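Engineer: Here is what each chain is made of, one letter per residue.
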Amino acid sequence: MANESKQVVNDKTYPISWRWLLKPLLGTFVGAGIVSFFVIIAFTFFTFGNQDVNGPFNGGILVFIIFFFSLVGPFFSMIFAFVRRLTFDYTFEDNFIVMHQGLISRSQRNIPYSVLQNVIVKQDLSDRILGITTFIVENAVQDFSAMARNKGGRRYEMSMIGFSGNKVVIPGLTNDLAQSLKEIVLAKMKSNQAHSSKTGGL
Amino acid sequence: MSKTREQYPLSTKKIIKKTITSSFAFIVLAVIFLFCSISYLAVGAPASIWLLLLAALLVGFIVFIVAAYYYQTWYFATYFYDLTGDYVIIRKGPITPKEITVPYERIQDVYVDQDLLDRLFGLYDVHISTATISSAMSAHIDGVEQAAADGLRKILLDKVQEKVGSKPNSGQMSAH
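Residue numbers (the numbering used here), protein chains in the order written: chain A, -15 to 186; chain B, 18 to 193.
In short, the hints are calculated from the structure, not lab data. Check each hint, because a few of them may be wrong.
Covered stretches of chain B (in silico footprint by chain A; criterion: 3 or more residues with CB under 8 angstroms from a CB of chain A, positions within the stretch not fixed) [claimed, not checked]:
1. 27 to 39
2. 79 to 85
3. 115 to 129
The calculated BS3-like cross-link candidates involving lysine-lysine, where the alpha carbons are at most 27 angstroms apart (straight line), are [said to hold, decoys possible]:
4. B/20 with B/30
5. A/166 with B/180
6. B/109 with A/174
Quick caveat, the model's predicted, so the values are computed rather than measured. Even glycine gets a Cβ: it sits at the ideal position worked out from N, Cα and C.
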């Protein structure tokens, strides 16, 4: 316990790698690649009978258009993510996770360890390619606007950062840092239990 | 492999079951593909094209089944669950790993269910619910046989009772 409290756990000691910014780009490129694959298949296969109507050339143009427009989305996502990354900070204190977030409307959030419901360490495909790990903790608050925004959490976990609804997402950690952060949070959850001996026999 | 998995093992029938489930997806896609082809190629197309198409689908299906089987074997080998002193730890996904850690104090519900294929194979899924949506997505141990399902359920309930249940002679409410 004494050792833990001396150790500073925040966004400086457990930093989010800038590589994480490439995630939206990578995700869209994989998506555009899959769509293009089917377009190519469709154009080469379905022109067996009537070659004169649709040549493979049209398919090529379509693939180009798909990739071109797939760049527009991630471009704005990356600007958004960059600002979120700059304006999000966190400190894992002894009894609370203290975080700040936001550029224009700024908010602070303080989550006690005793109410954390689960701890998630995960890597999706883009994470594997970029060599980063996502760390998530959740409590049990019900923020329906956030749930609607994030479509029940799946979209949020994919490329987001910071807190929203009942989730705190810290992406872009190295695997070692994510594992050690998990151990630290679990230890703090244990030492901050709701009915621990510290409360003196409630 | 964790001690918990050694004691309450996953059934190898899970690999077969998951291979069958994923082949359903392929069959659905193949049927959609065939219907699209019918509307596109129309009636006048020569028989050779239809034979080629069916042969391609069949070869694709076999390749898909083999690939799915090997993927499920890999998935099975890396499937990790452990009931430690304080937490339930579940980790799965060989390519995109996701690990969830749930403290026993936070468990709201332990439930066991079977879908149609599970009933045919005699398999059970043990679900651990907390007050979050992601626990429903990630916190379950699927594909154990009955003895293991019962064992897991009992050990989970015992742990929950030990952590949050009322202890004997410690401020229990009177019965009347």
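Engineer: Does each hint hold? Answer for all of them.
Structural biologist: Hints and how they fare:
Counting residues of the stretch 27 to 39 of chain B whose beta carbon lies closer than 8 angstroms to any beta carbon of chain A gives 0, which falls short of the minimum of three for the stated coverage. A stretch counts as covered by a chain when three or more of its residues have a beta carbon under 8 angstroms from one of that chain; for the stretch 79 to 85 of chain B and chain A the count is 0, and the coverage is violated. For the stretch 115 to 129 of chain B, the proposed coverage by chain A is satisfied: 8 residues have a C-beta within less than 8 angstroms of a C-beta in that chain, meeting the threshold of three. Proximity of residue 20 of chain B to residue 30 of chain B is assessed by CA-CA distance (about 21 angstroms); at most 27 angstroms being required, the pair is judged to hold.
Only pairs whose Cα atoms come within 27 angstroms are accepted, and residue 166 of chain A paired with residue 180 of chain B is accepted, the gap being roughly 21 angstroms. The hinted pair formed by residue 109 of chain B and residue 174 of chain A meets the criterion: a straight-line CA distance of about 25 angstroms does not exceed 27 angstroms.
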